[in-house]
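Asks: Residue numbers (my numbering), protein chains in the order written: chain A, 1 to 258; chain B, 1 to 316; chain C, 1 to 433.
Just so you know, the hints here were simulated from the structure itself, not pulled from any lab data. Note that the structure is a prediction, hence the values are computed from the model and not measured. Hints may contain errors.
[Unchecked claim] Once the Cα atoms are required to be at most 25 Å apart in a straight line, the calculated DSS-like pairs of lysine-lysine come out as:
#	chain 1	residue 1	chain 2	residue 2
1	C	400	C	59
2	A	28	A	7
3	A	28	A	65
4	C	400	C	410
5	C	411	A	119
6	A	28	A	68
7	C	59	A	119
8	B	203	B	179
9	A	7	A	91
10	C	179	A	91
11	C	65	C	350
12	A	28	C	418
13	A	213	A	28
14	B	303	A	68
15	A	119	C	203
16	B	303	B	288
17	A	119	C	410
18	C	65	A	91
19	B	177	B	203
20	C	375	C	416
21	C	179	A	68
22	B	303	C	179
23	C	203	B	288
24	A	65	A	7
[As the list claims (entries may be wrong)] Residues of chain C clear of chain B, computed beta-carbon distances all greater than 10 Å:
#	residue
25	69
26	203
27	215
28	276
29	377
30	399
31	415
No residue lacks a Cβ here, since even glycine has one placed at the ideal position from N, Cα and C.
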Amino acid sequence: MALLEAKGLTKRFGGLVANENVTVEIEKGTITAVIGPNGAGKTTFFNMITGFYEPDEGEILLNGKSIKGLRPDQIAERGITRTFQNIRLFKQMTALENVMVGKHSRLSAGMLGILLNAKRVREEEERARVEAYQLLEYVGIADIANEEAGSLPYGLQRRLEIARALATHPQIILLDEPAAGMNPRETVEMTAFIRRMRDELNLTIILIEHDMKLVMGLSEYIHVLDHGQKIAEGTPEQIRTNPQVIEAYLGKAATEVS
Amino acid sequence: MLSILPQVLIDGLTLGFMYAVVALGYTMVYGILEFINFAHGEIFMVGAFVGTEVLLIADSLGLLQEMNPFVAFLLSLLIAMILSGALGVGVERVAYRPLRNAPRLVALISAIGVSFLLQDLVRFTEAVARNEFYLNSPSLFPGFLEVGGFAQVPLKAVVVIVFAIVMMVVLTLFINKTKWGIAMRAVAQDPSTASLMTINVDKVIVLTFLIGSSLGGATGVLFAQNYGTIDPYIGFILGLKAFTAAVLGGIGNIRGAMVGGVLLGLLESLAGAYLGPLTHGAFGSEYKDVFAFSILILVLLLKPEGLFGEAVKEKV
Amino acid sequence: MVKQVIANATGSLFKDRQVPLLLTLLWIASFTLALYILEKSVLAFMGILLSLLLVYYTKTSQTVKVVLGALILLVLIPLVAGDNRYYMEVATQVGIYVAMALGLNIVVGFAGLLDLGYVAFFAAGAYAYAIFATAQANHFIPGDLFPLGGEWFWPFLLVGLIVAALFGILLGLPVLRVKGDYLAIVTLGFGEIIRIIFNNLNKPINITNGPQGLTPVATPVLFGVQMNTPFYYYFIVLFVIAFIVLANIRFERSRLGRAWIAIREDELAAQSMGIPLLNTKLAAFAAGASFAGVVGVIFAAKQTFIDPTSFTLMESIGILVMVILGGSGSIPGVVLGAAFVTILQVQLLKEFSNFLHGLNSSGVISLPNQLDPSKFQRLVFGILLILAALYRPNGLIPAKRNINDIEAIKKSRFAKEKLGILANLNEGKRQSG
Chain A
1 MALLEAKGLT KRFGGLVANE NVTVEIEKGT ITAVIGPNGA GKTTFFNMIT GFYEPDEGEI
61 LLNGKSIKGL RPDQIAERGI TRTFQNIRLF KQMTALENVM VGKHSRLSAG MLGILLNAKR
121 VREEEERARV EAYQLLEYVG IADIANEEAG SLPYGLQRRL EIARALATHP QIILLDEPAA
181 GMNPRETVEM TAFIRRMRDE LNLTIILIEH DMKLVMGLSE YIHVLDHGQK IAEGTPEQIR
241 TNPQVIEAYL GKAATEVS
Chain B
1 MLSILPQVLI DGLTLGFMYA VVALGYTMVY GILEFINFAH GEIFMVGAFV GTEVLLIADS
61 LGLLQEMNPF VAFLLSLLIA MILSGALGVG VERVAYRPLR NAPRLVALIS AIGVSFLLQD
121 LVRFTEAVAR NEFYLNSPSL FPGFLEVGGF AQVPLKAVVV IVFAIVMMVV LTLFINKTKW
181 GIAMRAVAQD PSTASLMTIN VDKVIVLTFL IGSSLGGATG VLFAQNYGTI DPYIGFILGL
241 KAFTAAVLGG IGNIRGAMVG GVLLGLLESL AGAYLGPLTH GAFGSEYKDV FAFSILILVL
301 LLKPEGLFGE AVKEKV
Chain C
1 MVKQVIANAT GSLFKDRQVP LLLTLLWIAS FTLALYILEK SVLAFMGILL SLLLVYYTKT
61 SQTVKVVLGA LILLVLIPLV AGDNRYYMEV ATQVGIYVAM ALGLNIVVGF AGLLDLGYVA
121 FFAAGAYAYA IFATAQANHF IPGDLFPLGG EWFWPFLLVG LIVAALFGIL LGLPVLRVKG
181 DYLAIVTLGF GEIIRIIFNN LNKPINITNG PQGLTPVATP VLFGVQMNTP FYYYFIVLFV
241 IAFIVLANIR FERSRLGRAW IAIREDELAA QSMGIPLLNT KLAAFAAGAS FAGVVGVIFA
301 AKQTFIDPTS FTLMESIGIL VMVILGGSGS IPGVVLGAAF VTILQVQLLK EFSNFLHGLN
361 SSGVISLPNQ LDPSKFQRLV FGILLILAAL YRPNGLIPAK RNINDIEAIK KSRFAKEKLG
421 ILANLNEGKR QSG
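Work the whole structure out from these sequences, hints included.
Replies: Put into structure tokens, the structure is as follows:
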């Protein structure tokens, strides 16, 4: 059984069909890319998986259990988390606190425990702090733990966002354009980091990316969306030579010429 | 109980048309800036005071008796519209524009501040000028209109409704037919693309405040004619109700604001008249404001896009 | 020239915005003495209150600051101003608003929910006590059991807290589904609805006695002592503030406080980090409301009379001004904002008003009744809100983020092994090794 199954997902906005009958299966421990031209419905697909949009039709199964209709926080609790295309950090919090927020659903302190400053709560907090710091170390930005997130340079913000997502202790992490706005050297680093993360942390990774070099080099399986529909899937090799994909990217003319 | 129905309906329509025109001011600004101009009710109030002062001054100079009441009314309406329009533009320039890129709540806080500041400024002005803070407006249209033998419609109510309709028609024509109106709609749809199309977004925003505020001010004059007495606090509750009307119709939607206003006015009037008798006096007309606020809350919860708005989903 | 000298002097004196301890002590001593000698001096009294701010900025350890603050509040002020009812009354009022502003700070400052109907919770607490501490409850509970005696004041602090928290949850459930600036309008509407209901709930069953209000509300009794002077209320309020400040500090540094701030910063990102929006917002609403409820009980007891006019929108706006002006989300800022606005209202404007009345009656000027400065509330609030929004959106003392002690984290006993998802790293090593 696949870890995550999206079956026949359809999402309409008024007259616009953002996703139509999209079916995707994700195996545990893989790196999968979702690609497609602008406006193909990739982010809509992510938003359905993470609970921000409820699909009009279709089903989403995690470990065989439906997560359709759950709220984003419930889905995060079940082990699916994400980063955002346009980086959404908690700007006025420090980097360390940002990561600690990610621990939210793994902590249990309630109002009364907090007010009484119970021993259990203090210990839980200390553990959370240590873990957050370890995560910052892991993504290589421990030295800015006490900096305000909003004031960090772009590349570090991307890393911080990943550290924060890891704090939720996910099974699956969805990366929405993780290398957007990065220079070639940073992109190479990010590629290596994503692979290392998968290998070391037992993660399953799904990513949206426009940088084809990154996609082809990193992902083991690729799904291609165009105009809200899935037009192809396969290994990077298969996708590279798929005429439909080339057409979607380059237009009709390209296939006719070749 | 039915014998008062025509009167209740007329009251409701009069009130509703006033809500509708004020609601236009909220909805136009919201459509373009996604910002609740909390002080719009006070602009309405200032319009009421300006218009009434014009009439009172004309009266004290002995001019009012010699004027045709319609001429006097139009004159007060015009001056009120000019001054409240200018005030709206000034408020935007001083208190909102510097905050256009600030978090939305900061701009809202500034607007709340403007709202209270204007209330007291008007109170001070009147206190210095007349040693009172409320005004009694000279009544220009005291008569009644006999309709079909079963209802007496006060002339002033007819004036309110007719003028409100005229203003709404003119506004609709302006927005749909003129260059600036189309520019306004473009900015409301997509400010960055509009500015690429060489539309001056700042000018459009100023124009929006100008139109919305002068319509609000004009409604103030209608209000003063209809109810006779005004004070610096009339704008607050009426503004809230008009905002409710705008939400009810679908905020950002001009037609929605008109329909929402009239609907809310009617509902409120009916509630005020019949809530008491229907609950055997347990909940009387004192609950009519509760009724209006409940509508606001219910609409925001159940159909936040309003009657005519389109559902929008926050962009992730 | 002179300006520059002063600037240099203050510059060297207040390095890193810190005041030398000696100066603070000197300040406290001189103003205490001044107030002792010149009993009626407003300036001296303000000087003492200001000394608290000075203590906050003093260059010394946290413990010394707390001790100094406690010394001023618990010993100096009651000792020097204790038999002056007026000053104790002012101090108590300041305290009441500080407590409420700290409650609203949780809702507006931490969670970023602009609540314009906050006074409703204050009203809920006040009525919860007043209804049972007057004969009013006999109208709907048979047995002629009421009014309750003043010793019931103490348990009712808790009752007020719970009632207001329940109010917060009940109101919050529908209201908190609404977002951003709409929330402001809806809470405003709800605040008005509650006031209208309290104003009219003298029929069909007389619960609140409507516009006539409730009186006489029993004053607190402790060990047989009638605590009916400002002197006692001062200490009651101080005790409650201590509790609320502590709660604010603990919340801010907790899982819940982080969730509130995360929601304020970015709702969508907060959700995807596993934070349930509605529950977390409800918690903020309930916490903020419960503090207002406790203060409401004290208010009802102190005034011995309450009616719906004490719970108007202006009260909500006033408390909001305190939070925004002081520094939304900043505990010291909110305390300063509340103290500043309250003193401005109850003392400065009143003094100014008395001054003008003096001129008025001696015929120097003629003052229309409407221009009486004690009625400047809206003007002052309006200007403060606009100025704060334009020039100091983060307030007089902006919120500081928690700086964590990295060395302590490294030395923690939990740091020995990898935690959370990083525990997989150890497993991987074990497998390969």
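Asks: Are the hints correct? Go through all of them and say.
Replies: Here is what the structure says about each hint:
no.: 1; hint: C:400 <-> C:59; verdict: holds (17 Å)
no.: 2; hint: A:28 <-> A:7; verdict: holds (17 Å)
no.: 3; hint: A:28 <-> A:65; verdict: holds (15 Å)
no.: 4; hint: C:400 <-> C:410; verdict: holds (23 Å)
no.: 5; hint: C:411 <-> A:119; verdict: holds (19 Å)
no.: 6; hint: A:28 <-> A:68; verdict: holds (19 Å)
no.: 7; hint: C:59 <-> A:119; verdict: violated (31 Å)
no.: 8; hint: B:203 <-> B:179; verdict: holds (13 Å)
no.: 9; hint: A:7 <-> A:91; verdict: violated (36 Å)
no.: 10; hint: C:179 <-> A:91; verdict: holds (20 Å)
no.: 11; hint: C:65 <-> C:350; verdict: violated (32 Å)
no.: 12; hint: A:28 <-> C:418; verdict: holds (23 Å)
no.: 13; hint: A:213 <-> A:28; verdict: holds (23 Å)
no.: 14; hint: B:303 <-> A:68; verdict: holds (23 Å)
no.: 15; hint: A:119 <-> C:203; verdict: violated (51 Å)
no.: 16; hint: B:303 <-> B:288; verdict: holds (22 Å)
no.: 17; hint: A:119 <-> C:410; verdict: holds (20 Å)
no.: 18; hint: C:65 <-> A:91; verdict: violated (31 Å)
no.: 19; hint: B:177 <-> B:203; verdict: holds (18 Å)
no.: 20; hint: C:375 <-> C:416; verdict: violated (64 Å)
no.: 21; hint: C:179 <-> A:68; verdict: holds (24 Å)
no.: 22; hint: B:303 <-> C:179; verdict: holds (13 Å)
no.: 23; hint: C:203 <-> B:288; verdict: holds (16 Å)
no.: 24; hint: A:65 <-> A:7; verdict: holds (13 Å)
no.: 25; hint: 69; verdict: holds (30 Å)
no.: 26; hint: 203; verdict: violated (6 Å)
no.: 27; hint: 215; verdict: holds (22 Å)
no.: 28; hint: 276; verdict: holds (17 Å)
no.: 29; hint: 377; verdict: violated (8 Å)
no.: 30; hint: 399; verdict: holds (14 Å)
no.: 31; hint: 415; verdict: holds (36 Å)
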